[in-house]
Every structure is written in C-alpha cells, then in structure tokens.
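*Asks:* Residue 1 is where the sequence shown starts when you use this note's numbering, and the numbers rise one by one after that.
The set of hints was computed from the structure by calculation and includes no laboratory data. Since this is a predicted model, take the numbers as computed values, not measurements. Hints should not be assumed to be uniformly reliable.
Stated by the list, open to error - With a straight-line cut-off of 30 Å between C-alpha atoms, the simulated DSS-like cross-links for lysine-lysine are:
(1) LYS110 with LYS89
(2) LYS94 with LYS110
(3) LYS106 with LYS94
(4) LYS106 with LYS89
As the list claims (entries may be wrong) - Label pairs and their calculated CB-CB ranges:
(5) TYR59 with SER114: 23 to 33 Å
(6) ALA62 with THR92: 34 to 44 Å
(7) SER114 with LEU10: 19 to 29 Å
(8) SER19 with LEU58: 18 to 28 Å
(9) LEU58 with LEU24: 22 to 32 Å
(10) ALA81 with GLY11: 25 to 35 Å
(11) ARG36 with LEU78: 32 to 42 Å
(12) GLY79 with ILE14: 17 to 27 Å
(13) THR28 with ILE74: 28 to 38 Å
(14) SER114 with PHE88: 18 to 28 Å
For every residue, glycine included, the Cβ atom is placed at its ideal position computed from N, Cα and C.
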Amino acid sequence: MTVSIWLSLLGICILGAMSPGPSLAVVTKHTLSSGRLHGLTTAWSHSLGIGAYALATLYGLALLIEKSPQVFEIITYLGAAYLAYLGFKALTSKGGILAAIQSGSKSSLKQAASEA
1 MTVSIWLSLL GICILGAMSP GPSLAVVTKH TLSSGRLHGL TTAWSHSLGI
51 GAYALATLYG LALLIEKSPQ VFEIITYLGA AYLAYLGFKA LTSKGGILAA
101 IQSGSKSSLK QAASEA
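Input sequences plus hints: build the corresponding full structure.
*Replies:* Listed below in structure tokens is the structure:
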C-alpha cells in the first residue's frame with residue numbers, strides 16, 4: 001500500500017476515534033460508576049482492541065478482495081444487515097447505565113477492560 005493510502009486510513013481512524021459512539025458510553029459508565037482508573041482502563045483496552053481489529057480487518061479484506069470479489073460482496077451485504085440489526089436493538093433497548101450509577105455498584109478493573 002502506498003503512503004497516501006496509509007495516510008487516508010489514518011485520517012479515517014482519527015476521525016472515528018474523535019466521534020462519540022457506544023465506546024464513549026462504556027467509558028463514561030465505568031468512569032462515573034467506578035472512578036477514573038476504571039475509565040482509563042476501559043479507554044486503553046478499547047484502544048488496543050480497536051487497533052488490533054482494524055489491522056486484522058485491513059489485511060483480511062485486502063486478501064479477500066484480491067482472491068474473491070464475490071465473497072467480499074456477500075460479506076458487505078451481511079455486514080449491512082448486521083448493522084441494521086444492531087441499530088434496531090439499540091433503539092429498542094431500555095438502557096442500564098443510569099440504574100448502575102444509582103445503585104452505587106462498582107465494576108472491577110477486569111470487567112471494565114473486558115467490556116471495552
């Protein structure tokens with residue numbers, strides 16, 4: 001891959017990291033319910049996981065596109081359907097962050113890292 005492609009990918013990753021999303025909710029939950037250390041543990045665990053996931057995805061998709069474009073197209077449609085399902089579940093969920101904060105129950109560092 002050329003340097004310009006790597007820089008484009010880096011820019012997309014930076015923009016994605018700056019935008020709020022479900023990961024921000026998880027970090028906020030652990031920070032508010034269990035303190036700063038748990039929030040930082042969650043944030044760092046999330047960063048490491050997303051970085052590894054992004055690299056594996058990048059190389060895997062490059063190989064898949066090269067070897068079988070038809071399979072890549074099928075995976076694209078399955079991914080879109082899964083995202084629609086996740087969106088529906090998020091819109092219909094009752095949420096639990098407020099209840100966890102009000103109950104005063106603290107999470108462990110292991111739980112904070114594993115949820116990220």
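*Asks:* Each hint needs a verdict: does it hold in this structure or not?
*Replies:* Evaluation of the provided hints:
1. LYS110 with LYS89: holds (26 Å)
2. LYS94 with LYS110: holds (25 Å)
3. LYS106 with LYS94: holds (20 Å)
4. LYS106 with LYS89: The given pair, whose Cα atoms are some 26 Å apart, holds under the 30 Å limit.
5. TYR59 with SER114: 23 to 33 Å: holds (25 Å)
6. ALA62 with THR92: 34 to 44 Å: holds (36 Å)
7. SER114 with LEU10: 19 to 29 Å: Holds, since SER114 and LEU10 (Cβ atoms, about 28 Å apart) stay within the stated range.
8. SER19 with LEU58: 18 to 28 Å: holds (19 Å)
9. LEU58 with LEU24: 22 to 32 Å: Distance hint for LEU58, LEU24 holds at roughly 23 Å.
10. ALA81 with GLY11: 25 to 35 Å: Taking Cβ atoms as reference, ALA81 and GLY11 lie about 28 Å apart, which means the hint holds.
11. ARG36 with LEU78: 32 to 42 Å: holds (39 Å)
12. GLY79 with ILE14: 17 to 27 Å: holds (22 Å)
13. THR28 with ILE74: 28 to 38 Å: Distance hint for THR28, ILE74 holds at roughly 36 Å.
14. SER114 with PHE88: 18 to 28 Å: holds (25 Å)
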